[in-house]
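Residue numbers (this note's numbering), protein chains in the order written: chain A, 1 to 354; chain B, 1 to 511.
Because the hints were derived from the structure by calculation, they are not lab data.
Where hints are given, some of them may not hold.
Partner residues aside, some chain A positions facing chain B, computed with beta carbon under 7 angstroms [as the list claims (entries may be wrong)]:
| no. | residue |
| --- | --- |
| 1 | Ile-5 |
| 2 | Glu-10 |
| 3 | Ala-13 |
| 4 | Trp-213 |
| 5 | Thr-216 |
| 6 | Arg-218 |
| 7 | Tyr-223 |
| 8 | Ala-230 |
| 9 | Ala-231 |
| 10 | Leu-233 |
| 11 | Pro-268 |
Not everything, but these chain A residues come out facing chain B in the computed CB check (under 10 angstroms) [as the list claims (entries may be wrong)]:
| no. | residue |
| --- | --- |
| 12 | Asn-176 |
| 13 | Pro-191 |
| 14 | Asp-193 |
| 15 | Tyr-194 |
| 16 | Ser-195 |
| 17 | Lys-224 |
| 18 | Val-227 |
| 19 | Pro-232 |
| 20 | Ala-234 |
| 21 | Gly-239 |
| 22 | Phe-240 |
| 23 | Arg-241 |
| 24 | Phe-343 |
From a predicted model like this one, the values you see are computed outputs, not experimental measurements.
From the three backbone atoms N, C-alpha and C, an ideal C-beta is built for every residue, glycine too.
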Amino acid sequence: MRLRIEQRQEPSAQMRIAAPVIATALTFLAGSVLFAALGYDPLATLHAFFVAPINSINGLSEWLLKASPLILIACGLAVGFRANIWNIGAEGQLIIGAIAACGVGLFYPNPESPLLIPLMFLAGAGAGMAWAAIPAFLRARMNTNEILVTLMLTYIATLLLSFLVHGPWRDPAGFNYPQTALLPAAAMFEPFDYSYRLNPSIFITAVAVVIMWLFTDRSFLGYKMSVSGAAPLAARYAGFRESSAVWTGLLAGGAAAGIAGMAEVAGPLGQLSPQISPGYGFAAIIVAFIGRLNAFGIVLGGLLMSLLFLGGETVQMTLGLPAALTRIFQGILLFFLLAADFFIYYRLRLPEHA
Amino acid sequence: MIPRLELRSITKSYPGTVANDAVSLSILPGEIHAVLGENGAGKSTLMKIIYGAAQADSGEIYCDGRRIEAHNPAISRSLGIEMVYQHFALFESVSVVENIALAVKGTFDLGRLATEIEALSARYGMPIDPHRRVHDLSVGERQRVEIVRCLLQSPKLLILDEPTSVLTPQAVVKLFGTLRQLASEGCSIVYISHKLDEVQELCDTATVLRNGKVTGTAKPKESTSLELARMMVGSQLPEMHVSPSAPSAKPLLEVRGLSAPARDKYGTELTDVSLEVHGGEIVGLAGVSGNGQAELIALLSGERTHPRAETILIGGRPSGHLSAGERRKLGMAFVPEERLGRGAVPPHALWENAVLTAHRAGLVRNALVDRRRAGDFARRVIERFKVKANGPQASAQSLSGGNLQKFIVGRELTLEPKILLVSQPTWGVDVGAAAFIRQTLVDLSRAGAAVLVVSEELDELFEICDRLLVISNGRVSPPLIRKQTNREEIGLLMTRVGHGETRRTEVALED
Numbered sequence: 001m002r003l004r005i006e007q008r009q010e011p012s013a014q015m016r017i018a019a020p021v022i023a024t025a026l027t028f029l030a031g032s033v034l035f036a037a038l039g040y041d042p043l044a045t046l047h048a049f050f051v052a053p054i055n056s057i058n059g060l061s062e063w064l065l066k067a068s069p070l071i072l073i074a075c076g077l078a079v080g081f082r083a084n085i086w087n088i089g090a091e092g093q094l095i096i097g098a099i100a101a102c103g104v105g106l107f108y109p110n111p112e113s114p115l116l117i118p119l120m121f122l123a124g125a126g127a128g129m130a131w132a133a134i135p136a137f138l139r140a141r142m143n144t145n146e147i148l149v150t151l152m153l154t155y156i157a158t159l160l161l162s163f164l165v166h167g168p169w170r171d172p173a174g175f176n177y178p179q180t181a182l183l184p185a186a187a188m189f190e191p192f193d194y195s196y197r198l199n200p201s202i203f204i205t206a207v208a209v210v211i212m213w214l215f216t217d218r219s220f221l222g223y224k225m226s227v228s229g230a231a232p233l234a235a236r237y238a239g240f241r242e243s244s245a246v247w248t249g250l251l252a253g254g255a256a257a258g259i260a261g262m263a264e265v266a267g268p269l270g271q272l273s274p275q276i277s278p279g280y281g282f283a284a285i286i287v288a289f290i291g292r293l294n295a296f297g298i299v300l301g302g303l304l305m306s307l308l309f310l311g312g313e314t315v316q317m318t319l320g321l322p323a324a325l326t327r328i329f330q331g332i333l334l335f336f337l338l339a340a341d342f343f344i345y346y347r348l349r350l351p352e353h354a
Numbered sequence: 001m002i003p004r005l006e007l008r009s010i011t012k013s014y015p016g017t018v019a020n021d022a023v024s025l026s027i028l029p030g031e032i033h034a035v036l037g038e039n040g041a042g043k044s045t046l047m048k049i050i051y052g053a054a055q056a057d058s059g060e061i062y063c064d065g066r067r068i069e070a071h072n073p074a075i076s077r078s079l080g081i082e083m084v085y086q087h088f089a090l091f092e093s094v095s096v097v098e099n100i101a102l103a104v105k106g107t108f109d110l111g112r113l114a115t116e117i118e119a120l121s122a123r124y125g126m127p128i129d130p131h132r133r134v135h136d137l138s139v140g141e142r143q144r145v146e147i148v149r150c151l152l153q154s155p156k157l158l159i160l161d162e163p164t165s166v167l168t169p170q171a172v173v174k175l176f177g178t179l180r181q182l183a184s185e186g187c188s189i190v191y192i193s194h195k196l197d198e199v200q201e202l203c204d205t206a207t208v209l210r211n212g213k214v215t216g217t218a219k220p221k222e223s224t225s226l227e228l229a230r231m232m233v234g235s236q237l238p239e240m241h242v243s244p245s246a247p248s249a250k251p252l253l254e255v256r257g258l259s260a261p262a263r264d265k266y267g268t269e270l271t272d273v274s275l276e277v278h279g280g281e282i283v284g285l286a287g288v289s290g291n292g293q294a295e296l297i298a299l300l301s302g303e304r305t306h307p308r309a310e311t312i313l314i315g316g317r318p319s320g321h322l323s324a325g326e327r328r329k330l331g332m333a334f335v336p337e338e339r340l341g342r343g344a345v346p347p348h349a350l351w352e353n354a355v356l357t358a359h360r361a362g363l364v365r366n367a368l369v370d371r372r373r374a375g376d377f378a379r380r381v382i383e384r385f386k387v388k389a390n391g392p393q394a395s396a397q398s399l400s401g402g403n404l405q406k407f408i409v410g411r412e413l414t415l416e417p418k419i420l421l422v423s424q425p426t427w428g429v430d431v432g433a434a435a436f437i438r439q440t441l442v443d444l445s446r447a448g449a450a451v452l453v454v455s456e457e458l459d460e461l462f463e464i465c466d467r468l469l470v471i472s473n474g475r476v477s478p479p480l481i482r483k484q485t486n487r488e489e490i491g492l493l494m495t496r497v498g499h500g501e502t503r504r505t506e507v508a509l510e511d
């Protein structure tokens, strides 16, 4: 008996909803087999992965705190991805945004000014956009590959950060640690509760999600970008300029990543050090695709990704699972999610032999 | 006599359609057998099944009385079945003999193969130089390469899929001579076409398909065109109404001395093209494809711009430098030859595809797409142009080629353009829809618009155009009045300039 794969005439609406459920079920199944084979109790492990990290208020706070930059950046990146503009340098744009915001916070003449947070916000967004403008200019004018340029600029941003914290911006009272001085209180988001780290910067993310939805789903500019992504020749036929899609796509990602960088320094970090992001800029690429480049999906994708980060740490700490195993489990989940999506557009058919 | 090939009750379905429904036919040795039918009637699918490139869901195939069990192209070749595809599968950057060497079995001896090719092609009256590179060859010459490749295998059955769709009238005459010679030597020929006159001239028997079913068999030489057409179309053929044109005093679209480099290595350079299209008339641009049509249409539509603005005048205004969007603002609309991916975005719904060019017609307000209005617009197009679609929510790729073409033509016409460019308006469109599209083009021009139609179908151009231009090797002929010219004159113009170096020297002499 041979199975055949066929393209569906229309994407399946039921499958769109069922796909994530099926993927989760298969992941639990495959994960249980894996955990059992290595001698860990599957139920306890799954519990430690998905329930334990978030069954306390602190857990919930951490969950949202980590999901927030992922969702914010993924929203910005998805704008470009929809038009086949591949900005994979959000990590660098985040770092530059954090540097600019922290610079404003540290060196603004009046450390108690209420303008500090808005100014840092603008500095973060502006710096992220400026960093993304380099690949945008090169692509629009010289048709350079934005994948390479954005990636390479990430290394430059990382090294710039390292230079600053080891050199000119190093805290003189910091016992020679490579880090800046702490930001003044007026330059920090005030947490909702000082016992937890969650702060009002998640509202920025919430607003970004709404803007992203409005832009991609309702605006004419968003429409033009989806045409450039799905059929570049049709965009040219209709007279939509390719360069405007390039600029919009890259600047949206740069702004979102820059703001996320600002929210990190003005939130949980409070200062710059050589390592300011656990790879948010790269993980957000996955979040954007798990969320099918759609605002609502990105929120779920960001929450899932953040939970996987936390769960991975929890099982290592409580059950002593090797780090590699948690990575494998995360990989299994992503694999099933993307594989299940395939069946929204395709179906398997049994050949009907009489 | 045992048939060379016999099909019994072949059925093949694809998602959403039954391409072949219990098709049976039988072909004797030395017979030229036509498979006649509209675009989409299932001819090409049937040929792929005979050749083994597609598998039938049910039914049986017999070759020389023996049943073919599991079928594939390799088995076909071992049985002596060869196929010349409608779209050639040649490598452009290598020579003729190298292309053929890839397809024939035996030792790899290019020198000997080249001699064989020369001898064989001369014997059948279609000489080709085995050492020329394929990208230098005209479409007709490429087809010869494909046919010679098949003949080298001494086939017992040769399948030709719409072989004349890319040929000039003169080249068709030569091809028919070759095919008759082959048949007289005992080779059976399956000739797929939708052109009645050709089938009547060439073929001994015809099997007519409609919607995947056999609707009749006939002896074409003894049947009238009307009988065959009824079998093909099923109903009464629609009648065209072409009233006399009343051209405007000034041209709405004017091209003056336009020259442009080829878009890529295999494109065609445009040399000093001049033409005028007045309001109220349809001008046709005839020519074998690949002679600069793609370059010219891209420059006219604004998909490609020209540094010298005054080479293209829209309503008297220099426009060569304007983008496609800016030209649309001046009242231009355009139906490209590629529907999916250029004229429409395949995965997008029809209402979204309406926004593609109709966004100026009030479908966008405050920088937001007005979904309700876009839906209304798409619904109007669907109703007025009788598009078979599942409403404005249906995706463009779910429509058949003909229905999508009706939607795109309808969308562009609903914008009430002053100038309409149309490229291959009825490619792959069934007769009923084609007649409807042609009639709407005529009606639009009679309402005062300037219409430029680029087509390879001479019949179509003769049916609707007031004046005809011929493009050949990047040059456009002076206009000919349709009523004062004929197919032979156009055919000569199509071949005169072009076809490689030998012809170029002739042009130089004429100049």
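> Which earlier hints can't be squared with this structure?
Replying inline: Hints 1, 3, 4, 5, 11, 12, 13, 14, 15, 16 and 24 not satisfied by this model.
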